[in-house]
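Participant: Each chain, letter by letter, is given below.
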Amino acid sequence: MARERSWRAQKVVERLEQKVNRQVLLSLAACVHCGMCTEQCHYVLANPDDPTYAPAYKADKLRKLFKAHIDWTGRAFPWWVGARSVYTDEELEDLKDTVFGKCTNCRRCSYNCPMGVDMATFNRLARGLLVHVGIMPEGVATVAKDQWEIGNQMGVLKEDYLETIEWMQEELQDEFDDPGIEIPIDKKGAEVVYTINPREAKYDPRTIAEAAAIFHFAGENWTMVSEGWDMTNFGLFNGDDELGGACARRVYDAARAIGAKRIVISECGHGYRSTRCEGPNWSKTDLPDIEMESSIITMLRYIKEGRIQVDKSKNSIPVTYHDSCNMARSCGMTEEPRELLRLVCSDFREMYPNRQQNFCCTGGGGAMSMAEYAPRRLKSAKIKAEQLRATGAKIVITSCHNCVDGLTDLIKHYQLDMEVKQLVDMVYNALVVPKPAPKVEVPVAVAPAEIPAKALAGYKILVIDDEPDVRTYLRVIFKDKGAEVLEAPDANQGWRQIRDQKPDLVTLDLVMPHKTGEKLYWELRKDERYKDLPIVIITGYGKTDKPTVRFHEFIAEKGIPEPNAFLEKPIDPDKVIATAIQVLSAGIPTDRVH
Amino acid sequence: MYETSPLLHFAEDTLQIAALSFMAIVYALKIRWILKFPAAKERQKPTAPPGRDGRKGALYSLAAIAMPWAMASYRERPLRYIQFAVFHLAVAASILMSFLIPYAPETIASPAAVGLLQAIFAAGILMGLMRLWRRLADPHVRAISTPDDYFSLALLIVWLGASIAAAPNAREVSETPLLVYFFLTAFFLVYVPFSKISHYIYYPFSRYYLGKTLGRRGAYPLADPAAMLKPES
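Read top to bottom, the protein sequences are chains A and B.
The first sequence begins at 1 in our numbering and counts up one residue at a time.
The second sequence begins at 1 in our numbering and counts up one residue at a time.
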C-alpha cells in the first residue's frame, strides 16, 4: 500500500517536477559521491566529525527526492541508488534545517567538484520548494514579506528613506561647506541611477553620503529614486523566482522612468548578482538600453578618467580584501576591487585562499536573517577567522553588506583586532577634495557699463575652443569691441596660431579632444617665448566640476603659474570683455591700454 | 592451429556487440531524456570582461578534470588525483582491450604490451581498493554511499582483475580467463547505463553548462588558480 503524503510533501514533489531544468537535472544526476567536495565547505572544516555537513550529503537530501520521482534508476530500484521521497512535514523540516541552516549557497564546492555539480543552484531550488509550502526560517519569511509588501527587504518606509537621504545631504553640505552638494531624488534625465541596500538607509547611511560625495566630485549626472531603490533581492536566498523577478523589475522600471542610461549598484554581493545577472532572467526583462554596473567599477572609472583624485597615503593602515561569494564565484568580479584598493590604500595584503577559492564570510545566503542558526554559523566561521588573522591586516574590506555583517559578527566572536569596511569608505577617505576655483575680480574701473565701444581695438585675440558655437560667440563679442580675432578648434592648431600670429591674448578651453587645454597651457608656460603670454581659461561645467578642479590640481602639481584669468561657461559677454581688458592692461605696455 | 570455442567466440564477439548495442540504445534514450528538460537561458547581457565568454568558460570547464591544479580539492590532495587518473586509465585500457583481443589481437600480443597492460590493470586495482577503503572508512563518504556506489566500484575492481588474467590472450592454454573477462565486460556494459558509472555521459553536459554560465559572467576561466590558494613562498 502506497504511503500517504502530507499536503505539503505532495506539493513539494509536484513542484520539484515542474522546476527541474536541464542544468539542475544534470547537477543532480552527475554526482558520483566521490566526496571531493567535503573539505571545501567551511561548515565541514568547523565540524570535521559530522558528515551531515558535507556538501554531497546535503545535496543528497534533494537528490534522493529527485531520484525517487524523476530519475530512471531511482524509480525502478530506489534502494539501490538511495532514492527516497518525502512524506511528512517533519521530513520537510529536516530538509529546511539542511538547505537553510547548513549551506550558504556560496558555491565553493561547485568550483572544486570534478563533475561540475552546481550544488548552490539546486540548494536554492530546494529552498524555493519549501518556501512554496510555507516552510522556512522565520527571519526569511519576514524579510521576504517586507520585500513583497514594502518594496525593500528591511521594511524601510518611504518617508524614512527620503528623510535619511536629506539628512545625509545636509551632512555633506556641512562637511564640505558647500550648499551646492546635492543627493538628487527622481531627477529626470539623470544618466545614472544609484541603487542601494536598505541596510545603508537603515543602519549605515554614511555609505550613501560617501557615494554621493564621489558622484558629486566626479561631476556625474546622477540621481537616487524614491521607488525601486532597493537592489537587494531575497528571491536569490529563498529560491522564489517570482519574488526575484518582482524585486528586479522594480529597479529596472525606476531606471526607465528616469530615462537613465546606467544603473549603478552599491556594494552588495547578492544585490549585484540579482540585479545584473539573475534579475533579467527572473523578471523576463530585456534591458537593451540600460547598462548595469557595480559601484566598484564606477569608482575605478572615475579615478582612471581623472574625474576624482585620490591620495592613497590617507589609507595607510594595513588592509585585506574579502571576496564576496556572489561577486567572485557567481559574477567573476575579482580583479577590479583589487585594482581599486591598490589605488586608494597603501598597504594592501592578500588573503589566502582568495578570489573564487575564498571561503564564505558565513553570513551569505541570507544566513544573517536566520537567528536560529547563528551559533552554527559562528562555529563555521572558524576558517574565515583564521584566514583573516593570518593577513595581519587591521581592516578587512569587502564589497558586500552581508559580508560586512557576517565578518563583523565573527570578528567579535573570535576577538580579532580588526574592523570591516567597504571600498566606498576607502575611496571616500582617500578623496582629494578639490579647492574651489579662484575667481577673477573684475575691476570696478572697467565695470561693464563703462567699457568703451572699441576698447579692444588694436589687439589680436586667439580663441581656442573645440565648440564652433563658442568660437563664433567669442569672435562676435571681441570683434564688437574692436579686436582682431583668430580661431583654433583644437590645441594643436592653437599652438600653430600662437607661433605664427603672435596674439596679444589667448582664450583657452580645457576640455577638447586629442590634446587637452591643460596640456597646451603647460606647454606654453614651459616655453620661454610664451611663458608670459596672457591666457584666459574659459571652460564649462559648474564650480566644483571636473575640468576646473583637475586644472588647478594640474598646475599645482606641475608648479606652473595660474592663468591670468579663469572664467566659466556659460559666457557672460560683459564679464569676458572686462576680463580681457583687465588682463591686457596688466600685461601690455601702457601705450596700448585703452 | 588453435580454434576458438564457439562459446568464447560468442562471448568476445556476438555478446559484446549485443551488449554494446544495448548500452548505446539506453544512452541514446538517456540523452533524449536529458534534452527533454528545458535548459535555463541567460537573458542578461554578458557581464564578462574582455577575453572571457561563455564559450571559453565552457571549454575551460570541460578541461577542468585535466587541470588538478585548478581545483583546491585535488591540489590539496594530489594522491586522490593520482587515484582518479590511474583508475580511469586502467578502465579505459580494459575497454580498449575488449576490442583488441577479438579484432586485432596482434597489437597487444608482445610480452611487453601484455606486461604494460597488466601493470596498468594492477595499478588500477590498487587505486580502486584505495577508493573502496576510503568509501568504507571515511565517515563523510560512507554517509553518502549507496549500494550502487559500492557495487560499481567492486565490479570495476573485479573486472580489472579479470583483465589481468585475460591480457595474455592465452586461449590455447585456457579459455576460462577470457570467458570470465568477456562475460564480465558484457555485464558491465549492460549495467553501466543504470549505474553511477554512466557519469561520463553527464560529465560533458554538466561541465558545459556550468562553464558556459560562469564564463558568460567572467568567473571562468580562473585567472591564476594556484595564486588563489597559497602565497608564493
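Mixed in with the good hints there might be a few duds.
[Said to hold, decoys possible] Simulated coverage check for chain A against chain B, where a stretch passes if three residues somewhere in it have a Cβ under 8 Å from a Cβ of chain B:
1. 37-49
2. 80-86
3. 271-280
4. 324-338
5. 350-357
It is worth saying that the hints were derived from the structure and are not from the lab.
Yeah, the Cβ is synthetic: ideal placement off N, Cα and C, and Gly gets one too.
Participant: Of all the hints numbered above, which does this structure not satisfy? Sort the numbers upward.
Facilitator: No numbers; nothing is violated.
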